[in-house]
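Using the hints, position chains B and C with the ligands against chain A.
Heads up: the sequence lines are chains A, B and C, in that order.
Letter by letter, the first sequence follows residues 0 to 309 in numbering that gives the first Met the number 0.
Letter by letter, the second sequence follows residues 0 to 118 in numbering that gives the first Met the number 0.
Letter by letter, the third sequence follows residues 0 to 221 in numbering that gives the first Met the number 0.
No lab work stands behind these hints, which were simulated from the structure alone.
Even glycine gets a Cβ: it sits at the ideal position worked out from N, Cα and C.
Any given hint could turn out to be false.
[To be verified] Here are the simulated DSS-like cross-link-like pairs (lysine-lysine), alpha carbons at most 25 Å apart as the crow flies:
hint: 1; chain 1: A; residue 1: Lys-199; chain 2: C; residue 2: Lys-186
hint: 2; chain 1: C; residue 1: Lys-38; chain 2: B; residue 2: Lys-63
hint: 3; chain 1: B; residue 1: Lys-115; chain 2: C; residue 2: Lys-6
hint: 4; chain 1: B; residue 1: Lys-63; chain 2: C; residue 2: Lys-16
hint: 5; chain 1: B; residue 1: Lys-63; chain 2: C; residue 2: Lys-59
hint: 6; chain 1: B; residue 1: Lys-114; chain 2: C; residue 2: Lys-59
hint: 7; chain 1: B; residue 1: Lys-63; chain 2: C; residue 2: Lys-6
hint: 8; chain 1: B; residue 1: Lys-30; chain 2: C; residue 2: Lys-39
hint: 9; chain 1: A; residue 1: Lys-180; chain 2: C; residue 2: Lys-196
hint: 10; chain 1: A; residue 1: Lys-235; chain 2: C; residue 2: Lys-201
hint: 11; chain 1: B; residue 1: Lys-111; chain 2: C; residue 2: Lys-59
hint: 12; chain 1: C; residue 1: Lys-186; chain 2: A; residue 2: Lys-205
hint: 13; chain 1: B; residue 1: Lys-76; chain 2: C; residue 2: Lys-39
hint: 14; chain 1: A; residue 1: Lys-180; chain 2: C; residue 2: Lys-167
hint: 15; chain 1: C; residue 1: Lys-55; chain 2: B; residue 2: Lys-113
hint: 16; chain 1: C; residue 1: Lys-6; chain 2: A; residue 2: Lys-180
hint: 17; chain 1: A; residue 1: Lys-232; chain 2: C; residue 2: Lys-172
hint: 18; chain 1: A; residue 1: Lys-205; chain 2: C; residue 2: Lys-38
hint: 19; chain 1: A; residue 1: Lys-145; chain 2: C; residue 2: Lys-196
hint: 20; chain 1: C; residue 1: Lys-5; chain 2: B; residue 2: Lys-76
hint: 21; chain 1: C; residue 1: Lys-196; chain 2: A; residue 2: Lys-215
hint: 22; chain 1: C; residue 1: Lys-16; chain 2: B; residue 2: Lys-18
hint: 23; chain 1: C; residue 1: Lys-16; chain 2: B; residue 2: Lys-113
hint: 24; chain 1: A; residue 1: Lys-232; chain 2: C; residue 2: Lys-167
hint: 25; chain 1: C; residue 1: Lys-39; chain 2: B; residue 2: Lys-63
hint: 26; chain 1: B; residue 1: Lys-56; chain 2: C; residue 2: Lys-39
hint: 27; chain 1: C; residue 1: Lys-16; chain 2: B; residue 2: Lys-115
hint: 28; chain 1: C; residue 1: Lys-5; chain 2: A; residue 2: Lys-199
hint: 29; chain 1: A; residue 1: Lys-145; chain 2: C; residue 2: Lys-201
hint: 30; chain 1: C; residue 1: Lys-59; chain 2: B; residue 2: Lys-56
[As the list claims (entries may be wrong)] Examples of chain C residues toward chain B, derived with CB under 10 Å:
hint: 31; residue: Pro-7
hint: 32; residue: Ser-136
hint: 33; residue: Leu-139
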Amino acid sequence: MSDLNTASNLEKVLKAGHIGVTSECGPPRGSDADEVKKKGALIRDYVDAINVTDNQTAMTRMSSLAACVHLKLMGIEPVLQMVTRDRNRVALQSDILGAASFDIPNMLCLSGDHQSFGDCAQGQNVHDLDSMQLVQTVRYMRDEGKFLGGDDIKRPPKIFVGAAANPFADPFEIRVPRLAKKIACGAEFIQTQCIYNLDKFKEWIKIAADRGLTEKTFIMAGMTPMKSVGMAKYMKNRVPGMDVPDEIIKRLAGAEKGKQAQEGIDICVEHIQELKELNGVSGFHIMAIEWEEKVPEIVERSGLYPRPEV
Amino acid sequence: MRLKIPSNFRIIRVPCTGKVDVIHILRAFEKGADGVYVVGCMEGDCHFNEGNFRARKRVEQAAKILDQVGVGGERVKMFNLSAGEGPLFAQFSIEMDNIIRELGPSPIRVAKQKKKDAA
Amino acid sequence: MIIAEKKPIEEIIDEVKDFNRLLILGCNECVTVCEAGGKKEVEILASALRMYFINKGDEKVITENTLERQCDHEYLEELRSNIDDYDAIVSLACGVGVQFAAEKYLTTPLIPGVNTVCLGANEDRGLWTERCQACGSCVLARTGGICPVSRCAKRVLNGPCGGSTNGKCEISKDVDCAWQLILDRLKALDKMGDYEKIAPIKDWSTDRAGGPRTVTREDVKI
Ligand code: SF4
Ligand code: SF4
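Just chain A, with the same shape it has in the complex (with noise of 0.2 Å):
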């Protein structure tokens, strides 16, 4: 894993050996590029990248591409999120192009929330690839330096490449060979789903490793500090593929008032400085939503600044 296929920096810093950390911004439901640019000046010493993400939840936002290109404009280093529900093959090939002009170095491929929980529910879902299917089209153009269609591209893509995993979704059997196939598919970093469940991330890991995945990606743990016991609830009994133990949610209720949310950063800092020493993890991906402000600390407290230059 040692050559570095892309300019990416996040590529260098993991291909380094040294423990990642990513964390996302989501762009506004407007076009003030300022909102998107705020937030990555806020958090861009403490990362080294910074997920845009593609219309999370269905909801119509700012392209996740044009947001991408107002944080590399500041010189801070995207990781393009798409999703393959709002575009064809034609689009998703184009897309990419667009990313590789403005040198966006990094991709995050995901099949995206169904159209139903945003705000265009009655619109139509493209899913004309799945996300496995994306993570090959992008390997493809950038290593064959072809379009799908067979042709040949002009100065290829050159794009790290990414993928999601959930060690919690359903059915728990699949979810390492899920892996496996992503990793065949050329995800050469994986981004988890929000992890509480400890045991149950370190057991997912641990056959993970035992077939060698680990060495073949770069498992970035995903980390999301809880805001209240309210927001812990929810996430546990509202969002697909959570897994939030209640412990935690006992000890978010147990804090004094006004200190929830401090309490909710201590276990996030605290989670994030047991997983380092695991076996497997190459990283953190922090995603503080509407919270950006906690990365600086939340980082800063795991140990994980200055961020390396590389």
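Using the frame of chain A, we list chains B and C with the ligands on its own:
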């Protein structure tokens, strides 16, 4: 006391209420009936297991259609009794008679009468 | 079979109100089995429309007929001799039947009386569910006999997506996750090893995307 069945009812015997279809109910209204009620065995006691459940569903479907076409779904009802409950049968008839008297004649009968008068 | 669902009577009333002589035309095939457009439903709709219009003082001539198949020239021809008796036809056949009738009787307005929903099966009394989207290039051999195209809300060919929870799809607790069903089947077949085979990018040109599809058989043409 023996209850008397109101004389303005026409009884149609069927082997099981499961035999009653939506169209039978609708046809009765089309022909000018002011109300229709279906009397079946107690739920769970159907000789054919679910005849009276089917009947209830069909009565509900008919009621919905009658609402949609402006006749009024409250003109059709389903009752249940066990064999040998003659007095209860009479009581249901009186109940239905009262409902219909309160609602007045079916608009279909009125419209048909008007047409006949005009001719 | 083709699954259809009755249109609301109000919608049909609105479409037919300006015609005086109507034919309510059922079909004896799929729509009869799914209780949307067979002889019974023709009778009910005709009766309901008669009552509605009598009530409005606008009596119409409403004829009932149910053909063996509306997607078949032979049976549709049966209407030819009387076609001028109708100002419009309300067809309770699936979209195929309605169009076949429309193509045959060019000057007679055709009004669909059902919404054609999907290709499915009668899973239980009063429950019809989708099984196939006629993608034109069947993958069932590789998915344990369960179709990810029609039964997965994202038609994921390498599933399940991250939203699968307790065997249900992320869109609703009432919808089975197709990929859970596929895995259950693979397990029953002792073929879990097949799960790790990657499904290649699908050729959707045989699907809706390729335009109207046809099957031509020179060997049966005369
Ligand atoms: S794969 Fe295509 S043809 Fe086969 S069942 Fe699914 S939709 Fe129908
Ligand atoms: S939960 Fe299952 S059926 Fe629903 S979209 Fe995901 S993979 Fe498809």
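Going through the hints against the structure:
{"no.": "1", "hint": "A:Lys-199 - C:Lys-186", "result": "23 Å, holds"}
{"no.": "2", "hint": "C:Lys-38 - B:Lys-63", "result": "20 Å, holds"}
{"no.": "3", "hint": "B:Lys-115 - C:Lys-6", "result": "33 Å, violated"}
{"no.": "4", "hint": "B:Lys-63 - C:Lys-16", "result": "20 Å, holds"}
{"no.": "5", "hint": "B:Lys-63 - C:Lys-59", "result": "22 Å, holds"}
{"no.": "6", "hint": "B:Lys-114 - C:Lys-59", "result": "13 Å, holds"}
{"no.": "7", "hint": "B:Lys-63 - C:Lys-6", "result": "14 Å, holds"}
{"no.": "8", "hint": "B:Lys-30 - C:Lys-39", "result": "18 Å, holds"}
{"no.": "9", "hint": "A:Lys-180 - C:Lys-196", "result": "8 Å, holds"}
{"no.": "10", "hint": "A:Lys-235 - C:Lys-201", "result": "35 Å, violated"}
{"no.": "11", "hint": "B:Lys-111 - C:Lys-59", "result": "13 Å, holds"}
{"no.": "12", "hint": "C:Lys-186 - A:Lys-205", "result": "23 Å, holds"}
{"no.": "13", "hint": "B:Lys-76 - C:Lys-39", "result": "21 Å, holds"}
{"no.": "14", "hint": "A:Lys-180 - C:Lys-167", "result": "22 Å, holds"}
{"no.": "15", "hint": "C:Lys-55 - B:Lys-113", "result": "12 Å, holds"}
{"no.": "16", "hint": "C:Lys-6 - A:Lys-180", "result": "45 Å, violated"}
{"no.": "17", "hint": "A:Lys-232 - C:Lys-172", "result": "18 Å, holds"}
{"no.": "18", "hint": "A:Lys-205 - C:Lys-38", "result": "63 Å, violated"}
{"no.": "19", "hint": "A:Lys-145 - C:Lys-196", "result": "24 Å, holds"}
{"no.": "20", "hint": "C:Lys-5 - B:Lys-76", "result": "24 Å, holds"}
{"no.": "21", "hint": "C:Lys-196 - A:Lys-215", "result": "18 Å, holds"}
{"no.": "22", "hint": "C:Lys-16 - B:Lys-18", "result": "33 Å, violated"}
{"no.": "23", "hint": "C:Lys-16 - B:Lys-113", "result": "21 Å, holds"}
{"no.": "24", "hint": "A:Lys-232 - C:Lys-167", "result": "20 Å, holds"}
{"no.": "25", "hint": "C:Lys-39 - B:Lys-63", "result": "16 Å, holds"}
{"no.": "26", "hint": "B:Lys-56 - C:Lys-39", "result": "15 Å, holds"}
{"no.": "27", "hint": "C:Lys-16 - B:Lys-115", "result": "23 Å, holds"}
{"no.": "28", "hint": "C:Lys-5 - A:Lys-199", "result": "49 Å, violated"}
{"no.": "29", "hint": "A:Lys-145 - C:Lys-201", "result": "18 Å, holds"}
{"no.": "30", "hint": "C:Lys-59 - B:Lys-56", "result": "29 Å, violated"}
{"no.": "31", "hint": "Pro-7", "result": "8 Å, holds"}
{"no.": "32", "hint": "Ser-136", "result": "41 Å, violated"}
{"no.": "33", "hint": "Leu-139", "result": "35 Å, violated"}
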